[in-house]
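Let chain A serve as the given structure and place chain B on it in line with the hints.
Top to bottom, those sequences are chains A and B.
At position 15 of the first sequence (counting the first as 1) the number is 137 in the numbering used here, and the numbers step up by one without a gap.
At position 139 of the second sequence (counting the first as 1) the number is 261 in the numbering used here, and the numbers step up by one without a gap.
By construction, these hints were calculated from the structure, which means they are not laboratory data.
Keep in mind that the hints are not guaranteed to be accurate.
A pair holds if it fits inside one copy or across any two, identical chains being indistinguishable in the list.
[Stated by the list, open to error] Okay, derived cross-link-like pairs now, DSBU-like style, lysine-lysine, Cα gap no bigger than 30 Å in a straight line: (1) Lys165 with Lys125; (2) Lys347 with Lys248; (3) Lys124 with Lys147; (4) Lys147 with Lys127; (5) Lys356 with Lys248; (6) Lys165 with Lys436; (7) Lys410 with Lys206; (8) Lys142 with Lys338; (9) Lys147 with Lys356; (10) Lys347 with Lys147; (11) Lys338 with Lys124; (12) Lys436 with Lys300; (13) Lys300 with Lys124.
What you are looking at is a predicted structure, and each value in this text was computed from that prediction instead of being measured.
Listed here are the chains, written in short residue letters.
There are 2 protein chains.
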Amino acid sequence: MKKIKIAQFGLGPIGIETLKLAATKPWIEIVGGIDIDPAKVGKPLARLAGEPRVGRARVHRSLEALLATAQPEVIFHTAVSRVKLAYPQIEPMLQRGISVISSCEELLYPALREPRLAARLDARAKAAGARLLGTGVNPGFVMDVLPVCLTGVCREVQAVHVQRVVNASTRRGPLQRKIGSGWTPAEFERRFQRGQAGHAGLKESAALIAHALGWKLDALEETGKAMVALADIKTPHVTVQRGQCCGLHQLAVGRMRGAVKITLDIKMYLDAPNPHDAVEIVGDPGLKNIVTTGVAGDGATVASLVHAAPRLLKAPPGLVLMTDLGVPSFA
Amino acid sequence: MKKIKIAQFGLGPIGIETLKLAATKPWIEIVGGIDIDPAKVGKPLARLAGEPRVGRARVHRSLEALLATAQPEVIFHTAVSRVKLAYPQIEPMLQRGISVISSCEELLYPALREPRLAARLDARAKAAGARLLGTGVNPGFVMDVLPVCLTGVCREVQAVHVQRVVNASTRRGPLQRKIGSGWTPAEFERRFQRGQAGHAGLKESAALIAHALGWKLDALEETGKAMVALADIKTPHVTVQRGQCCGLHQLAVGRMRGAVKITLDIKMYLDAPNPHDAVEIVGDPGLKNIVTTGVAGDGATVASLVHAAPRLLKAPPGLVLMTDLGVPSFA
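Just chain A, same shape as in the assembly (with noise of 0.2 Å):
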């Protein structure tokens, strides 16, 4: 069997669970990885990740740096939200011909806030034989592929619904800080308005839904909430008083000719019971999913950004989105 040779570009929690998992993989070989943290450069990918598995490949402060020592085929890519952010960091890769698997949220569907970056990106991509891809769990599986994968059985779609609930005590302190645990309500929302605070991908998961259903839309809007603590609240990361926010509730409506087509309902909040992820198609058959013990969890994030390898590659080059992939699956 050819290997993959992979590079993890950031190693922060997500990069280590994504060299984790990708050392499991006997297709995949791991040569390196990249991270500006002067603590972390030089060291060996195996003592940062405390898995002997991810092997003795070392980590550089730049991909220059990186490319004089290995030449991976697939960088993966975790470290911004932003396609703005994430541009700088992805472009050079591509134009050495470097296929990349980015967490970035809204590389789900790049085109939506950045279109110019995104015609780019994929301009370079094509010329070099690369490919970038845009995944996760959420965004680029729940609130988006899942769905749009229930539609092939229907003969009519009239709207897709999909509601998302998760019990953000079982997740990282990073998350739990995101979703504004602690502040008041009225901060969280008016981060939420400067872009600082909230889910990223939510409206990228909505146009990608429009996308591969051949909708287009004539209005994407999104609002964000508090969700306001009922009771104190401690986790190992925060501490949360009854009044304060504890989490999030957004909420993105997609309409065409004035008639809601997609809506997609996030809860992600401290101590949220019955986390689950819904899916309503509206349609002939109409159906009903539900994930009733959710998806949540890095592992469920790295998992999908590794297994996209193997597929990624046999895609024609340039900028692909999930739903032009393969099926996703375990590999």
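This is chain B only, laid out in the frame that chain A set:
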């Protein structure tokens, strides 16, 4: 938009529904039909379908007769359940470079029962630049593609369990008879053993899951039992007395080194309460998914066939599996 020219092989109820759905797609042009029934040959498809949008193309008695008047790129083939019977119908299509999308259940994973014929179909298709796909709703979606899709976000998968309950009272007469309605339970089980009754394609669904997950099963066994009517049942198509067979309960179990890796459990019977489709992925994260509405009906079958066309034409020539294609979607 370049239209895909399609023809329909087999003008029974599923073939007619396929044409009616195809007629709603702006990217399809219907160029003809094929059926051996002398009562249908020569008739315009629109008249047979009772739907003007299906158009004035006609039914021909053979592929040769159709090709004298039209050049389809794709033929929808809805005629038989067994690869052995489909082979002589499909081979000449592939040899002429025409791609085929078939509801033949065993074609979901033809190498399981007919490895020689599967290899030959693959070779024929490759030689002529054609593609062959077996799909539908089951097999083709609920008990194979959907569970595979869910594993995409799992970093470990130990086992896949699927449970499907279909209320056969809501289905067509031929299906109500195929599941043994009105027979004695012993009669159903005798006929099931001989391959003359039951749900076709269950082992193929298990084989497709195993293939997608890279599992080499060392045993794949199937059992079939009658569901026994607890009261008299009357549908527009069949009458069943208490104690008679009113449907089936089939179970396919796949094992690897003694461990159960896949169970596919289907109950399809008259007046079944609570029809649904449930998937459990034992893994990390473990997932439980349920389509609470179920996904039944010929609508779902024909949607799966028609929607596969544009994705199939993007695949490399040869025998193609549903899990090789892009994510299913309404198209």
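- Any hints from earlier that this structure breaks? Give me their numbers in increasing order, please. 2, 5, 6, 7, 9, 10, 12, 13
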